[in-house]
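The sequence shown runs 3 to 84 under this note's numbering.
Source of the hints: derived by calculation from the structure; they are not laboratory data.
Computed from a prediction, not measured in an experiment: that's the story for all the values here.
Pair ranges (Cβ atoms, derived):
1) Ala81 / Pro4: 43 to 49 Å
2) Ala21 / Arg57: 22 to 28 Å
3) Pro5 / Met79: 45 to 51 Å
Cβ atoms here follow ideal geometry from the backbone N, Cα and C, with glycine treated the same way.
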Amino acid sequence: MPPERQVWQRFMEDAHARASQDAGLALRGTLTRLTGLVLEAAGLRVPVGSQCLVRMGNQAPVLAEVVGFSDQRAYLMPAGDV
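All chains, please: the whole structure from these sequences, using the hints.
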């Protein structure tokens, strides 16, 4: 195998190993509004497509996906009942 290919193969194997690890990263935001099916949150700096676990009071957590932004607000679409 050519040396360049070995370097790339090692790089990809290392990247795959890092991506497979649970980083345990937790970010927090504040729900500011619920309009129709969309949640509005402040304080989140995550890209569109990110998945969030939304906790509201004593209810079970709900998975939601970031679907857009406006000013300093993120819009999330919940995957379950809120």
